Amino acid sequence: MALLSVNNLSIELAYDNTALVKQVSFEINSGEIFALVGESGSGKSLTALSIMRLLPDALKISDGKVQLAQQQLFSMTEQMMNGVRGKDIAMIFQDPQTSLNPVQTIKQQIGEVLRLHQGLTLIEAQPRIIELLTEVGIPEPQSRLNWYPHQLSGGQKQRVMIAIALACNAKLLIADEPTTALDVTIQKQVLTLLKQLCKRHQLALLLITHDMGVVFEMADTVAVMRQGEIVERNNTNDFFKAPQHPYSQQLIASLPDGSYFSNQAGEQPLLEVSDLHVWFEQRKGLLQRVSSHTKAVDGISFVINQGETLALVGESGSGKTTAGQAILNLTKATKGNIVFNGQSTAQLSDRAFMPYRKDIQVIFQDPFSSMNPRMTINDIIEEGMVSLKVERNKQRRRQQIKALIKRVGLEPEHLTRYPHEFSGGQRQRIAIARALAVKPKLIICDEPTSALDVSIRGQVLELLLELQLEHGLSYLFITHDLSLIPHLAHKIAVMKEGKIVEQGHTKQVMQNPQHDYTKELLSAVPKIKQT
Amino acid sequence: MKFTLLYSDALLLVLMIAIFAMVRAIRTNPQTAKKWRYVFQSRVGSASFIIIAFYLLIAILDSIHYRQALPEVVTKGVDKSAVSSQVHYSSEVNSVLDFILADLKANSETTYSAPFSLYSFAKENQTDSLGRIYRDYPRLKFAGSHIDDPSDQASDILKRSAIALGQGLLISLALVGLIKVVLIILVKKQSTRLNQNQTISYLPQKTIYLMLTFLIVSTTWAIDLGSVYHIFGTDKVGTDVFYQAVKAIRTGVLIGTLATILTLPLAIGLGISAGYFKGLIDDVVQYIYTTLNSIPGILLIAASILLIDVYIETHQSDFNLTIERADFKFLSLCLILGLTSWTGLCRLLRAETLKISQLDYVQAAHAFGVPHRKVISRHILPNVTHIIFIALVLDFSAFVLAESVLSYIGVGVDASMNSWGNMINAARSELSRDPTVWWSVTAAFSLMFVLVLAANLFADEVRDAFDPRIVKSGIFGIKRKQAQEI
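One line per chain: the protein sequences are A and B, in this order. For the first sequence, the residue numbers in our numbering are 1 to 531. For the second sequence, the residue numbers in our numbering are 1 to 486.
There's no promise every hint is true.
Unchecked claim - List of simulated lysine to aspartate or glutamate pairs, EDC-like, C-alpha gap at most 20 Å:
| # | chain 1 | residue 1 | chain 2 | residue 2 |
| --- | --- | --- | --- | --- |
| 1 | B | K374 | A | D379 |
| 2 | A | K519 | A | D183 |
| 3 | A | K195 | A | E27 |
| 4 | A | K195 | A | D176 |
| 5 | B | K374 | A | E391 |
| 6 | A | K499 | A | D275 |
| 7 | A | K87 | A | D176 |
| 8 | B | K159 | B | D149 |
| 9 | A | K295 | A | E497 |
| 10 | A | K195 | A | E131 |
| 11 | B | K355 | A | D366 |
| 12 | B | K34 | A | E421 |
| 13 | B | K374 | A | D350 |
| 14 | A | K332 | A | E281 |
| 15 | B | K34 | B | D460 |
| 16 | A | K284 | B | D283 |
| 17 | A | K171 | A | D88 |
| 18 | A | K241 | A | E217 |
| 19 | A | K284 | B | D282 |
| 20 | B | K2 | B | E324 |
| 21 | B | K278 | A | E281 |
| 22 | B | K35 | A | E421 |
| 23 | A | K441 | A | E470 |
| 24 | A | K441 | A | E466 |
| 25 | A | K496 | A | D275 |
| 26 | A | K406 | A | E470 |
| 27 | A | K519 | A | E502 |
| 28 | A | K199 | A | D88 |
| 29 | B | K278 | A | D350 |
| 30 | A | K241 | A | D220 |
To be verified - What follows is a set of in silico ranges between Cβ atoms, one per label pair, in the way DEER data are often shown:
| # | chain 1 | residue 1 | chain 2 | residue 2 | range |
| --- | --- | --- | --- | --- | --- |
| 31 | B | L292 | A | D350 | 32 to 40 Å |
| 32 | B | L5 | A | D379 | 34 to 42 Å |
| 33 | B | E313 | A | D350 | 51 to 59 Å |
| 34 | B | K374 | A | K332 | 17 to 25 Å |
| 35 | A | R396 | B | L453 | 56 to 64 Å |
These are calculated hints, taken from the structure and not from any lab test. Keep in mind that this is a model prediction, so the values were computed, not measured. The C-beta atom is built at its ideal place from N, Cα and C for all residues, glycine as well.
Based on the provided sequences and hints, a complete structural model is requested.
Structural data, given as structure tokens:
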């Protein structure tokens, strides 16, 4: 008998009956890790929310049954359901920053669940809270009981969330993208913890994710969702060996190939960064005196040759984005030198930097915030061409824009539309066209694919590679995703706490890492080992 | 006849042009147009907009001022051609609204009289046919003078109401028919522009037609009955209260719009530059608005009004007509109200600009070397307009109410100008009489109430449509967006 069985679950929009989830059925046994995989908008989170009966008002469950250990969840009253939530079914959310209450201590937050479901007072619950914190691997739980969420790191917050979920010995744990907001090394720790807990307590885990690597390392069973339907369900080994449905095949095929390495390119140095420091002043007191510095970038040096890609890798907060901004002269460098094409550009005023704006361009991470929602695509692409005086003739400018938009795989008709009419992948193509419009020599790609779905990610990277060959572009590719690098980058530089700890040719660094941190990073990446 | 353009008339004209320009600008951007469509798709939004538009129409009619030429005075011994070359104009300035409500304006009694009353409110010494002097309520000079027997009054009112109702229905029927015909022609002409058709078909037509009919019927009724009765009574000197209350619409609407418009340049300019440039500019702007905010607004307004009174006294020659003096004082009041209340919007805009200027598209614009001026006008300003719209409609009702409060404490508009505040101020003594004179304050209150309620309801709708955090149920498209985000 399965612990949780979902039968023909259908969810639709309440006002016009648009089906969002169609006839979804699956079962999870105790101790099983069940991964629900799919791209954004495929309905995987809705499925999870409807099991908890926490769907927003705009949606309704139109059909189906959910049974948890003999109980029919959909026929319960709301009050009975409150007894199930948090006690039998617990949920872990994506972002630990926002799912913990910032004004309550962790003791209060774990204690609340125990008070609600087991009637324990805070004092009675204390031993259990310490036990839970020890179990999820928070060091010195005794002294951390009265800490507030902001005193904990991201990984520790997620551990506290897991402790809350475990508090009442839940039978089913729903984890909705539990590690997407975390860095790779911490993701590894949290996933390992979850897996251990499931086996130890015979917990059923419904894991919602889009990362196939995570699925491979964690799950016993995989279900692939697409447009509200489960297209394939299989156990993990069989699934990765022989995916049946074309969409599953596509998902696995779109994963970057780790065994391929780019050849070396270009000898002519284009950008030389030496001993770059970017320090932010911290002011204190009445007179706002500089009391200390935040050392975002602390003495980094690297060279990018023409037609070459350098991948700048590091976890969040390592200063890689700040380094990119300093090269763009959007943030002033505190110390050090940046030489572009033989000319020193560090410490130049905005006006003096103007000629270089044309040569150095940028593509941002989030395709939704990188375009002004009130401008047409044509105006967005044209803006840089006008202000940098790339092409003064209006007619020719129009033609160039048309050619560009075709080059990045969109239609000239799209030019009169507004950004909100495009998907994330299309927007990132527009962002690429915008950067290319001014004919740059170097493009700083700041995590250009991390907001995109897996299958689209591959296409955008492919486009970047093609453009590099066509125009002899150089890229500074800022990323935290090591799996992209072999395919894309010629050289790699690993950043940690504002410093480059290791750099060299991609193959050399990836296959024979020297620094401990690089080794840790490489081992933490969830990988699919094909057998 | 000579048209006179007061400063406030000119400003109203500028305002109307600005509104038309804004509507045109909105129509070019599909996103903003869509949001406005949400506002007008809701029944409350459409209905309250029609009421506001009706008030605005009255204000416009009341802002077309002219002076009548005085009849020639023929004096003996003076050459006729010399006289006719110079036409003298009446010192009384009338508006188109005065012309429409001429009956109401002319039918002035001697003192108080209750609504629809045939008799004065105060007893007077009268002489009967036998020459005896007795004391009783005299018949009014104008109101109901067409009926001989007072007992006929009820049937007369009913009869006239029925006629007015019929007339009103006829007019509105004709108007609705006209609108339909125009719409059909428009749709045929622009059948290629699908958006246009959708807008029209999504509007709550029933509500709009009902609202129009209601407004037209009540207007005809008020004009028809107002010409023979005082439907809201008369005041201390016998002026028709309904006429006063209608004349006060212009004051209310203008103070609401002009004061709001005057806050905008300061709030937008300072708010956006503080948020965009940060550093020293931000410090200075913040310093200014915290200082201004910490001084009680009423104190500043009272002091400024006193200064203006002194200015008018010492520059008598600049203000030839009473209405010019009143207009000057009125505009100063708008200016002062505007100058003391820009801080709220400025603060909101600063915060929003701080947020937007960190977004990637502003960073991208910097990377393209786009000058600050263009970044502000192209990237920042269009993305904070929703805040400006919301503040604009919310402030409007606040200013209408502020005017009546200020007039009540005696620092409002000139006493010669009709305003709700002045009427309420007068009611201070009227309500302490016994029996009370309640109609003056009631008239002012109900007209003001309708305007402020309509403005607030409209503001609510605008905020719902433009505030991304509010998800309104039942409106097409918004829910879908929410569903996708999950």
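Inset, instruction - Check each numbered hint against the structure and report the violated ones by number, ascending. - result: none
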